[in-house]
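Taken in sequence, the protein lines are chains A and B. The first sequence begins at 1 in the numbering used here and counts up by one. The second sequence begins at 1 in the numbering used here and counts up by one.
These aren't lab readings, by the way, just hints derived from the structure by calculation. Treat the numbers as computed from the prediction; the structure is a model and nothing was measured. Check before you lean on any hint, since a few could be wrong.
Pairs count within a copy or across copies, as identical chains cannot be separated in the list.
In silico DSSO-like pairs for lysine-lysine, Cα to Cα no more than 27 Å straight-line [claimed, not checked]:
hint, residue 1, residue 2
1, K166, K266
2, K266, K358
3, K188, K122
4, K266, K377
There are 2 protein chains.
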Amino acid sequence: MTNINAGTILSTVESDTRDLRVTWADGHVSRFHHIWLRDNCRCPSCLHVQTRERIHDTYGIDPNIRPEAVSITDEGHQLSLTWPDGHQTDLPGNWLRLRCYSEAAREERRVRPTLWGSEILKNLPEVQAGDALETDEGLQDFIQKIRDYGLAVVRNLDCTEGMVEKLAGRISYLRQTNYGVGFDVESKPDPNNVAYTAIELKAHTDLANWESPPGIQFLHCLDNSAEGGESVLVDGFAAAEMLRQRDPEAFRLLSEVELPFRFIDKHWDLRWHAPTISLSLQGDFREIRYHAALCAPFDLPHDLVEPVYAALRSFTQILRDPAHEIRLKMGPGDVIVFHNRRVLHGRSAFDPNSGRRKLQGCYVDCDDAWSRLRVLKGENTN
Amino acid sequence: MTNINAGTILSTVESDTRDLRVTWADGHVSRFHHIWLRDNCRCPSCLHVQTRERIHDTYGIDPNIRPEAVSITDEGHQLSLTWPDGHQTDLPGNWLRLRCYSEAAREERRVRPTLWGSEILKNLPEVQAGDALETDEGLQDFIQKIRDYGLAVVRNLDCTEGMVEKLAGRISYLRQTNYGVGFDVESKPDPNNVAYTAIELKAHTDLANWESPPGIQFLHCLDNSAEGGESVLVDGFAAAEMLRQRDPEAFRLLSEVELPFRFIDKHWDLRWHAPTISLSLQGDFREIRYHAALCAPFDLPHDLVEPVYAALRSFTQILRDPAHEIRLKMGPGDVIVFHNRRVLHGRSAFDPNSGRRKLQGCYVDCDDAWSRLRVLKGENTN
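Generate the whole structure from the sequences, applying the supplied hints.
Structure, rendered in C-alpha cells:
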C-alpha cells in the first residue's frame, strides 16, 4: 500500500442503523446509507453488463433495507455486503471513494468556471487550428478552454468555406436551428436577423428565444477588410457575479423573473420565457439570456415592471463596462469559439462600402461537447 | 364599432406619474408603464423593418421617461405618444390589448396542459397518418394534440423503414442524439441501451442525462408479433400534480433537489444534474426526469439521501398506479408520439422467440414544434 492509494483503501467499517461509517487509510471518513449501497450494487443483475445502465429498480427499494453482513475484502480494496435475501454486493474502494458524499468531497467535485474581465486579452485562451483538427491532445485542450473560460480563440484555420463546420465537427455533430446548420454572417439585402446587417450589435446571447439555446458558437472570419466590425466579448457569469455583489436586489430579480423572448418571420414563431440569469438549485450559474433584439413585450405583474427595467440597466452597466469586455478585430483564419449561454458577443458597426466582412458560423451543444471532453480524458469508465 | 371589436377600441386614456391608464370600449382597464410603452415602440428606427427584431436598446431607456403628449387616434384604434425628444410612438389598439399585463389578462394567456389518467384510453388523441402527412389542417391538429395532451397516436402510417422520419419531418427537422438521428428499437445482440433488449422497461423519460433532453419522441411500430411488448404511457405532469396534493414534502424535494444522471459507453459520457420535477418560476410544470437506468449514484447531503429515496418511492407509487397509466399493444402502422419530458413511456417484457418486435423512432424538439403550430395557426404576426 502506497500513500498515493491510501485514499482508496478501506481501513475500518462500522454499521449504524441507517448507514455504514467507512474510515479510509488516509483518515477520511465516509458515510454511506444502506439504501444507497443497495441501490448502487454493480453485479450483473443490477447493472446491465453491456449497456452499463442500471436494471435494478432505484425507485422501489425497501426503505429499511440493512445488510446482514459487511466486510472489507481484497486486502482493503473492496467493500462486501450481503443482503437479507442473500444478494451480494461488492464495491471497489476506488469506485466508492470517488462517490463519497461528505460535504468536503461534494465541494471538491464542484466544477467552477474561471471568471474573467478585460485582463484576459493579455493572455487569451488560444489554440492552433492544426492542433485541434489533427491531434487528440489539441482537441482536448481546445474543449477544456471552452469549458473553463467559456472562450477559445482558434488561429490559422484555412479560409475555405465550410472549414468552421469541420472544426466544430471535431467536437460533435452540429446543432440545427432556424438559421440552418451553418450560417454566413455578412451584410445581406434581405436580412432575417440584425446580425445580417452592418449595424452595431451590443453584446448579447444568441437565440435567447429558444427553450434550449445552442451551447457553443463558432464564428470563423473569412474576410474582415471593412472598417469597423470589431468583435466584443464579455463573460456573462463574471458580470452576473459582480451584479450579485453590487446590487443583490437586481440580481435576485433577474434570476427569479422570467422574461419573454420571441423571434418571428414567415416560417418561424419561436417563443420562450426565461430568467436573465439562470442558476442551478445550488446557486451555480447555468446560463445568461440577454438580447434586446429578441425581447418580447414584458408581461409582468404591474409592480415588477419598473424594478425589472432597473435591474436590467444595472446588469447592463456592468456588461458594457470596458473593464469587463474584450475587443478584438478578427483577421482571416481566426475563429472565436464561445459558450453562447455564458459569454456574450457583439460587434461594432462596420462600413460595408469600405471592404468586406464575412464570418461563417455554426453551433455544437454543450451536452455533447463536455461528453467528448470526458471521453478524451478517459473519464468514461463506470 | 361592433361588440366583437370593443376589446381593442380605446375609450379613454389618463396619464399618471409612472404609467397610463387605458380604458377599453368593453370596460376593461389596462395600465401600461411609460418605460414599457417607449420600449415597445414599433417605428422603423425601434423595430427593424425586415427582421422585425428590436433595434432599440431595451436595456438603456431613461427610467424617468414620460410622454409629453398622449392621444387616442384612428377612431379609437390607436394610441399615439410623443416623447420629450420628439420621437413618435403609435401603437395599434389590437396589438396593445393582446399585451395587457393586468393580472386577469396574464392569467388568461397562461397555457395549461390537459392532464390525464387511464380514462384517456377511451378517447385517445388520435390522428390519421394521411391527414398529418398531406394537409395543413391535419398537421395542425396533430401538433395541437401533442401540445395539449403530451400524446398523439397516429394510425395507418406505411410500414416502410424511414417513414417515421418523414412524419416527424412534417413538424420540423430531426434532433440528433448519441443514438443518432433515427433509431431502431428491437432486441439486439450488442445493445448500448436497455431498450435494445427484450426486458421490461418501467415507464421513464428518455435521455434524462442530457442538459436538454429531446422534446417530442416518435415510435413507429413496424412489427409487434412477439408475445408481450405492450406499451405503457403515463402523464408525468398529472402524476406530479397528484404528488403535490398527496405528499407536498416529497413534491418539494423532487422539485428542489437535483439528481445526477449519466450515460456511458465507448464514445460517450453524458452527465447532467436536474430535479425530478422541474417547475417554471411561476410553478408551472416544465419537465420530468425519471429513469432508473440512467441514475448516477446520488451525491446528496447526508441528511437528504433517505428523504429523497422516500420521495421517489412516493412519486413512483402514483406513476405505476394502473389508474394513471394506459397500456396498449401497438400494431404495425401505429405511431405513438409524445412529449418525452412530460409523458413517461415503457413496455412490458416480450419474448423474442415468439415473434418479432420492431419499432423505429426519432425526436423533434419542442421549440421548433410549437413554432410550427403557431405558424400553422397564423399567430406569427408581430
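Going through the hints against the structure:
| no. | hint | in the structure |
| --- | --- | --- |
| 1 | K166 / K266 | between (31 Å within a copy, 22 Å between copies) |
| 2 | K266 / K358 | within (25 Å within a copy, 39 Å between copies) |
| 3 | K188 / K122 | neither (34 Å within a copy, 54 Å between copies) |
| 4 | K266 / K377 | between (45 Å within a copy, 12 Å between copies) |
Violation of the numbered hints given earlier is confined to hint 3; every other hint is satisfied by the structure.
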